[in-house]
Amino acid sequence: MARRRLRMRSAALALAMLWALASAGGAAAAGDAACRFTYELRVRGQTVARLELSEEWTAPDRAVLRPVIANAGFTTLFTSRRAEMETAVRVASPALPERFRAREEKPDRAREIRIDYGPDGAIRSLVYRNRGRAVASEVPRGLWRETVDPLTAFVRLQRWVDSRPEPGARVVVPVFDGRKRLDIEAVFAAAEPREGAPLLWRLRVRLHGIVGFEDGYGFVGGTRGPARWLDVVVDDGRCPAPLLVVPADGGLDPAITRTRALRPPARRRRCPCPAGAAAAPRSRTSRGRCRSRRPAHP
Numbered sequence: 000m001a002r003r004r005l006r007m008r009s010a011a012l013a014l015a016m017l018w019a020l021a022s023a024g025g026a027a028a029a030g031d032a033a034c035r036f037t038y039e040l041r042v043r044g045q046t047v048a049r050l051e052l053s054e055e056w057t058a059p060d061r062a063v064l065r066p067v068i069a070n071a072g073f074t075t076l077f078t079s080r081r082a083e084m085e086t087a088v089r090v091a092s093p094a095l096p097e098r099f100r101a102r103e104e105k106p107d108r109a110r111e112i113r114i115d116y117g118p119d120g121a122i123r124s125l126v127y128r129n130r131g132r133a134v135a136s137e138v139p140r141g142l143w144r145e146t147v148d149p150l151t152a153f154v155r156l157q158r159w160v161d162s163r164p165e166p167g168a169r170v171v172v173p174v175f176d177g178r179k180r181l182d183i184e185a186v187f188a189a190a191e192p193r194e195g196a197p198l199l200w201r202l203r204v205r206l207h208g209i210v211g212f213e214d215g216y217g218f219v220g221g222t223r224g225p226a227r228w229l230d231v232v233v234d235d236g237r238c239p240a241p242l243l244v245v246p247a248d249g250g251l252d253p254a255i256t257r258t259r260a261l262r263p264p265a266r267r268r269r270c271p272c273p274a275g276a277a278a279a280p281r282s283r284t285s286r287g288r289c290r291s292r293r294p295a296h297p
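In terms of numbering that gives the first Met the number 0, the sequence shown opens at residue 0 and continues consecutively.
Be a bit skeptical, because a hint or two may be false.
[Said to hold, decoys possible] Calculated cross-link-like contacts (lysine to any residue; reagent style SDA-like; alpha-carbon spacing at most 25 Å):
no., residue 1, residue 2
1, LYS105, ARG130
2, LYS179, THR78
3, LYS105, PHE73
4, LYS179, ASP119
5, LYS105, SER79
6, LYS105, PHE77
7, LYS105, SER136
8, LYS179, VAL63
9, LYS105, ARG178
10, LYS179, ALA87
11, LYS179, LEU199
12, LYS179, GLU104
13, LYS105, ARG81
14, LYS179, ARG98
15, LYS179, THR57
16, LYS179, ASP60
17, LYS179, PRO106
18, LYS179, ALA133
19, LYS105, TYR127
20, LYS179, ALA260
21, LYS179, PRO139
22, LYS105, ASP60
23, LYS179, ILE209
24, LYS105, ASP161
25, LYS179, VAL134
26, LYS179, ARG128
27, LYS179, GLU39
28, LYS179, ARG259
29, LYS105, GLY131
30, LYS105, ARG41
31, LYS179, SER136
32, LYS179, ALA254
33, LYS179, LEU261
34, LYS179, PRO93
35, LYS179, ASP235
36, LYS105, THR75
37, LYS179, GLY120
38, LYS179, ASP234
39, LYS105, THR46
40, LYS179, GLU51
Derived by calculation from the structure, the hints in this document are not laboratory data.
From just these sequences and the hints, can you work out the full model?
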C-alpha cells in the first residue's frame, strides 16, 4: 500500500507538470474565460486520482496556472489527499516564473510552499511550512540556481515545441518545487496533421530525480532505477493540452487520460462601423468579414 501511495503521488506530480506542456502557445486572449481541463490517473483500470486544471491569461505576456489534485476511487477508503498549486508566469524567451504556491493537505498534516522570483527568474525567497512550522528545504542551495517551478518548466517546453524542432531534438529543463529537485527531459517525436481537427504533437518525456526521489517514485527515476520514458500526446488549438500520457515501454499502468475540456470560444472581431471604415482603409481580410453587411443609408 505504501508503494502504491508513492506511485500515485509521483504520477499526480507528473500529471500536474505534463498538463502545462502546451499552456503558452495558442492560448486564450487576456480577459477571456479560463480554459479548464479534467484528467484521471488510472492504475490497473481503476481511477486513483483526479486533476482539475485552469489556465487564465491576465495579460498578453502573463498567465496564471492552477492545478488541483485529489485522490479518488478506492483510495479514498484509506486516506484523503489534496494538493493545490498556482504559478504566475511571464511568457518571455525563456518563460520566467514570478511566483509559485503549493499546498498539500492530508488528514494529519498540511504542507505549504511559497516561492517568489526576481525579474531575472532567480529565487528571491522560499518559505516552506510543515504542520505550520517553518522547515528548511533538503535541496542544497547550489541546486536552486537556474531552476523553475514545474508549471513554468512546461511553459518553456511548449515554447520549444512551438518552434517546430526536428524529430529527435532534445531539451532538458531543471525544476525545483521547494521540496524536490529534478530534471525534465523531452524529445520531440512528431507533429501530426489531422483533417478537420487540431494538430497532434507527440513527445517522449522522462523525469530524472536528483533530490527527494530516492525510491524511484514511479514515473520519476532515482537511485534505484532509471526514469521511465512517457509517451505524451498533445492536441493543438486554443489552450492546447495533453490528451494522453502513458509509459513508452508498452505498460498500461499508470495511465493519464483527459476526460473533459472546456475552452472559451474564439472572439469574433466586429466589423468596423461606417465612420471607422471611412477613417481607415480596410484590409482584404476585414473586407471579406464585412462583405455581407448591408451598406449604411446616406
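Taking the hints in turn, this is what the structure says about them:
1. Our distance criterion of 25 Å between C-alpha atoms is met by LYS105 and ARG130, whose separation comes to about 10 Å.
2. For the suggested pair LYS179 and THR78, the alpha carbons sit about 23 Å apart, so the restraint of at most 25 Å is met.
3. This hinted pair checks out: LYS105 and PHE73 have alpha carbons roughly 16 Å apart, not beyond 25 Å.
4. Simply put, LYS179 and ASP119 have alpha-carbon atoms about 22 Å apart, close enough for the 25 Å limit, and the pair holds.
5. Distance restraint check for LYS105 and SER79: the Cα-Cα separation of roughly 6 Å lies within the 25 Å cut-off, and the hinted pair is therefore satisfied.
6. Our distance criterion of 25 Å between C-alpha atoms is met by LYS105 and PHE77, whose separation comes to about 11 Å.
7. In summary, the hint linking LYS105 to SER136 is supported, as the alpha carbons are separated by about 20 Å, within the 25 Å threshold.
8. Of the pairs offered as hints, the one joining LYS179 and VAL63 holds, with about 22 Å between alpha carbons and a cut-off of 25 Å not exceeded.
9. In summary, the hint linking LYS105 to ARG178 is supported, as the alpha carbons are separated by about 17 Å, within the 25 Å threshold.
10. Taken as a hint, the LYS179 and ALA87 pair is honoured in the structure, with Cα atoms around 20 Å apart against an allowance of 25 Å.
11. With a C-alpha separation of about 31 Å, the suggested pair LYS179 and LEU199 falls outside the 25 Å cut-off, and the hint is violated.
12. Restraint check for LYS179 and GLU104: satisfied, since their Cα atoms lie roughly 17 Å apart, inside the 25 Å limit.
13. For a cut-off of 25 Å, the pair hint linking LYS105 to ARG81 stands: about 7 Å separates their Cα positions.
14. Between LYS179 and ARG98, the direct Cα distance comes to roughly 17 Å. Compliance with the 25 Å bound is thereby established for this hinted pair.
15. For the hint pairing LYS179 with THR57, the CA-to-CA distance comes to about 29 Å; that exceeds 25 Å, so the pair is violated.
16. The suggested pairing of LYS179 with ASP60 is violated, with an alpha-carbon distance near 28 Å, which exceeds 25 Å.
17. Restraint check for LYS179 and PRO106: the C-alpha separation of about 22 Å stays at or below 25 Å, so the hint holds.
18. For the hint linking LYS179 to ALA133, the alpha-carbon distance of about 16 Å falls within 25 Å, and the restraint holds.
19. Our distance criterion of 25 Å between C-alpha atoms is met by LYS105 and TYR127, whose separation comes to about 16 Å.
20. Pair hint LYS179 plus ALA260 does not hold up; C-alpha atoms about 30 Å apart against a cutoff of 25 Å.
21. At roughly 10 Å between alpha-carbon atoms, LYS179 and PRO139 fall within 25 Å of each other, so this suggested pair holds.
22. For the hint linking LYS105 to ASP60, the alpha-carbon distance of about 35 Å lies beyond 25 Å, and the restraint is violated.
23. Pair hint LYS179 plus ILE209 holds up; C-alpha atoms about 8 Å apart against a cutoff of 25 Å.
24. Only pairs whose Cα atoms come within 25 Å are accepted, and LYS105 paired with ASP161 is rejected, the gap being roughly 38 Å.
25. With a C-alpha separation of about 14 Å, the suggested pair LYS179 and VAL134 falls inside the 25 Å cut-off, and the hint holds.
26. Distance check on the hinted pair: LYS179 and ARG128 sit about 14 Å apart at the alpha-carbon level, within 25 Å; holds.
27. About 24 Å separates the Cα atoms of LYS179 and GLU39, which keeps this hinted pair within 25 Å; it holds.
28. Restraint check: the Cα-Cα separation between LYS179 and ARG259 comes to about 30 Å, which exceeds 25 Å; the hinted pair is violated.
29. Straight-line distance between C-alpha atoms of LYS105 and GLY131 comes to about 13 Å, which keeps the hinted pair within the 25 Å bound.
30. For a cut-off of 25 Å, the pair hint linking LYS105 to ARG41 stands: about 21 Å separates their Cα positions.
31. At most 25 Å may separate the alpha-carbon atoms for a hinted pair to count; LYS179 and SER136 meet this at roughly 8 Å.
32. Proposed proximity of LYS179 and ALA254 is supported: the alpha carbons are some 23 Å apart, at most 25 Å.
33. As the CA atoms of LYS179 and LEU261 are separated by approximately 32 Å, the hinted pair breaks the 25 Å bound.
34. Between LYS179 and PRO93 the alpha-carbon distance is near 22 Å, which keeps this suggested pair within the 25 Å criterion.
35. The suggested pairing of LYS179 with ASP235 is violated, with an alpha-carbon distance near 30 Å, which exceeds 25 Å.
36. Proximity of LYS105 to THR75 is assessed by CA-CA distance (about 12 Å); at most 25 Å being required, the pair is judged to hold.
37. For a cut-off of 25 Å, the pair hint linking LYS179 to GLY120 stands: about 18 Å separates their Cα positions.
38. Our distance criterion of 25 Å between C-alpha atoms is broken by LYS179 and ASP234, whose separation comes to about 29 Å.
39. For the hint linking LYS105 to THR46, the alpha-carbon distance of about 19 Å falls within 25 Å, and the restraint holds.
40. With a CA separation close to 22 Å, the supplied pair LYS179 and GLU51 stays within the 25 Å bound.
Going down the numbered hints, you'll see the structure goes against 11, 15, 16, 20, 22, 24, 28, 33, 35 and 38, while the others check out.
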